[in-house]
Amino acid sequence: MGTTITIKNLTKRFGDVVAVNNVSLTIEAETFITLLGPSGCGKTTLLRCVAGLEDPDEGEIYIGDRLVFSRARGISVPAGQRDIGLVFQNYALWPHMTVYKNMSFALEIRKLPKDEIDKRVKESLAEVKMLGYENRYPREMSGGQQQRIALARMLAYRPKVFLMDEPLSNLDARLRMDMRAELKRLHYVAGATTIYVTHDQVEALTMSSLIAVMKDGVLQQVDTPDRVYRCPSNLFVADFIGNPKVNLLEGVVDGQGCVDLGEFKVAMDTQGVEGKVVLAIRPEDIAAYTEPTPGAVKFTVYSVLPSGADSIIVARTGEREVTIRVPGISPIKMDDSVWLKFDPQMINLYDGATGNLVAVRKV
Amino acid sequence: MGVPEVLQPPLSLRILAAYRRFIRWLTSARVLLALILLVMMVYLILVPLYRMVETTVTYQERDVLAVPDAVPGQLTAYHWVRMLASRVSRVFLYAPLQHSLVVATGATLLAMLIGSILAWLVIRTDMPGRHLVNNLATIPYIMPSWTIAMAWKVMFNTRVAGGTPGLLEYLIGRPVPTWLAYGPIPIIISSALHYYTFFFLFVSAALMSIDSNLEEAAELAGASRSRILRRITFPLVLPALLSGFIMTFSKVMGTFGGPNVLGTPVRYYVIATMIRSNVAIGEFADGFVLAVVLILFTIVTIYINQRLIGTRKSYETIGGRGFVAHVARLGPWRKVLAAGVIVFQVLVIALPLGLLAYDTFMLHPGNYSLSNFTLHYWIGKSDINIANGAPGVLRNPKIYSSAWNSIRLSLVTAFFTALLGVILGYAIVKGRGTRLSKLVEQISFIPYVIPGIAFGAVYISMFSKRVGPIPPLYGTFALLVIVSVAKHIPYSARSGVSAMLQVGRELEEAGQIAGADLWQRFKRIIFPLTSAGFVSGFLLTFITTMRELSLIILLVTPATQVLASQTMRYTENGDTQMANAVILILITLVLIGNFVIGRFRGGSLKKGLGM
Ligand SMILES: Nc1ncnc2c1ncn2[C@@H]1O[C@H](COP(=O)(O)OP(=O)(O)OP(=O)(O)O)[C@@H](O)[C@H]1O
Ligand SMILES: [Mg+2]
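So the sequences go chain by chain: A and B. Using the working numbering, the letters of the first sequence correspond one by one to residues 1 to 363. Using the working numbering, the letters of the second sequence correspond one by one to residues 1 to 611.
What the hints contain is simulated information worked out from the structure, not anything from laboratory work. A virtual CB, placed ideally from N, CA and C, is assigned to each residue, including glycine. Among these hints, one or two may not hold up.
[To be verified] Below are the DSBU-like pairs computed for lysine-lysine, each with C-alpha atoms no more than 35 Å apart in a straight line: (1) A:LYS101 <-> B:LYS430; (2) B:LYS438 <-> A:LYS111; (3) A:LYS129 <-> B:LYS523; (4) B:LYS438 <-> B:LYS398; (5) B:LYS523 <-> A:LYS114; (6) B:LYS438 <-> A:LYS215; (7) A:LYS122 <-> B:LYS523; (8) B:LYS430 <-> B:LYS523; (9) A:LYS119 <-> B:LYS523.
[Claimed, not checked] Label-pair restraints from in silico Cβ distances: (10) A:GLY15 <-> B:PHE234: 34 to 44 Å; (11) A:ARG73 <-> B:ARG432: 27 to 37 Å; (12) B:ARG24 <-> A:LEU131: 38 to 48 Å; (13) B:LEU16 <-> A:LYS8: 12 to 22 Å.
Construct the complete structure from the given sequences, taking the supplied hints into account.
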């Protein structure tokens, strides 16, 4: 029952701040797309523009075939008529209404018959596993429960589009994990096109079918989680996605099939690339050996950070520092020597001046 | 992929789009409400002000008598010259102005002294009985401002000034000096004892919000206590003192009751009483010149004060609402001090009430012996020899109709003021940062700096003739409501804004998403969520309107007489006992109202003052 959303050249300014800068985005029906980016990059603003709570300064928005906003034509459909639902970061449950009233509000405005309202409220409560809480007031429930009610309030009138602004950010880590699974399931069952705002990359990677990374109001990359993780289209995205962070090593293409990093060289396919570059490789893609190994470079271990499932090792050679991730608790200790192998198949190269991706990894 | 060509749509489409955008802007909730409020406030505040100024610079009908070639309606400087630079200017303008400034400055400073000391004792010392002091401090303000003036007269009245002897003169058998009975000193003292509440509330709020860590840090740095008070505490409460100063000064400048009771009998006129005498004899233009002068002086004083202290205003929010850990120890004197303070407060409340009550039981004024005791002024039948034949207040239909008018006026005013507060709060808060919102906020502040009597004067000129669709309202009850609501606009805007700030914008937006229109959002979300603010605003306005005199004294007619103006009428006719009985009834009603305030959760005088 989802619908497509098309955003064309959308710009929204607040005074001198360009919160959303010329964003164009097409979202297929039933997609779960995440807007991801650091604080202040314009995620919320973009979401509110789609919702109809802000009027953009330029551009157009279609929901399905319906033009809901066009600057050029002076059209802006009121939020209540866009057939969307919105979950606010702080839930925005009406404190003076019971759960039931909170949920029936929109249905009453749509003038549904009483028994239909009752049925829908019960159904939606069941979907978020909150049956029996009808007569509670928001302040009588925990944060997690309020969160579920906020979702149920949106589900009750069955909008074609779900908009969610960091709905899990006020929950503790444990609850957040549980709710991620629930939300994904809800989306799967309802099939509504969902735009989900977060600045938590794990949330984005685990939940979405598409991730749109933003910076300073500009869309940086729109791709599947896998592509965004493995092939970030520029240095900003590469640096933003992944924890621990990707290793970014500045160097020069030497014209003989190598990237010269100063301390050592990495042989790889550098066809069509020249000049200064930044070599990017994920910590888990670097192979570490405790013995000298052909093709591996000798590093000294600076610090070891075991975390159960894996260990993070920070190693240095000269001025260079790289981060490696190895599975399990590593026997490697500080000041040990390690030999690191940079697999050319796993390396992305970025232009040193523009920061754009110039050579993509092979696997 | 090339850069797409930007196609310029045809002109007609662009005009259509601009038109649609304009309509949408115009009909968006905050703009629509702001514009409605703007029109209303222009009508209630700016147009009347303009009309008043206009009257001062045109010839009036009656000027033909004094200036043979005057053409009514023609532009002239006649009134201004007459008031500012003629033989009568001294009597009409300069002396009263000087008196107003003396009285307002004196009363404000004295109120500041009393209020600040009490606030400091309550908030920052270990004096016992602080809770009681706190509660007692608001009561004088709840009573009509001229209560103490009336009681003063009972106590200190003197034959020398042509009155009947007061209690003191009766007891000591010698005349009381005139300076003690009438004139600036009694006016200043009686006003200060009423208005010290402002300073008490503002300063105690400021002291409470100062993080005592700031002071402790200074103490650790080795500063002496007086140095801390001077260098740390004082600068931090300065903004509160400034707010108190502005509020008190502009109120005293425009106050009519006290000066009329304690000044007029010895021809000690202030601007307020002079405006009244001019208006009473039909010299509107001259009276309005005085009102304009009064407004200007008030604004200038406020402005100078704000400039002097304004730069430090930024201290206001320092430290948040921390609780106070740092308390000055008063040592062995604390009990004596507490007793002194409480006795003072009780005397300021009880003594005036006792004196007024005592006086109402005295048949012949000036004789305070028990043989003179009577209940005539309360329950007596009409007797032509007593009080010009008026029956006792409890069987007097005039008093009942005045009381009913008072209650009715206060209820209606309180309702509209509270309602307006929510709407003003909405328009201002939702439009934060836009010029429209700023304009609404600024205009809503204007009545604050217009002294009460001048504001009333403004309305005479506005509504004595038909204006557009509005019939002449002079002499109607509706006019009293309108002027009272308009004068309360600054307070309602402030409490409305603070109520609205508590309602997160998402709560309304969630309603928008759900499809609710403006009316549904107000009815089901905004009104319920601001109801506590509404109730406290309602009750506060109820009380202040009930005992308001300066504002409406120029506008009441025999048919619309309220209790407050009724006391003045009796006072001016020399029926002191009747006047005192009426003011006691008024005080009783006000105290009942205040009691009701206390019952309501969230309703308090402090909140109503926007704190
Ligand atoms: N109502 C507003 N008035 C002025 N500036 C605003 C307003 N709303 C947002 N901005 C500015 O627009 C930019 C984008 O804000 P936005 O709230 O969309 O960021 P965000 O990506 O949601 O950030 P966060 O992760 O912190 O929620 C910021 O610079 C912000 O300061
Ligand atoms: Mg945000």
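Going through the earlier hints one by one, which of them does the structure break, listed in rising order? Hints 2, 4 are the ones this structure does not satisfy, whereas the remaining hints hold.
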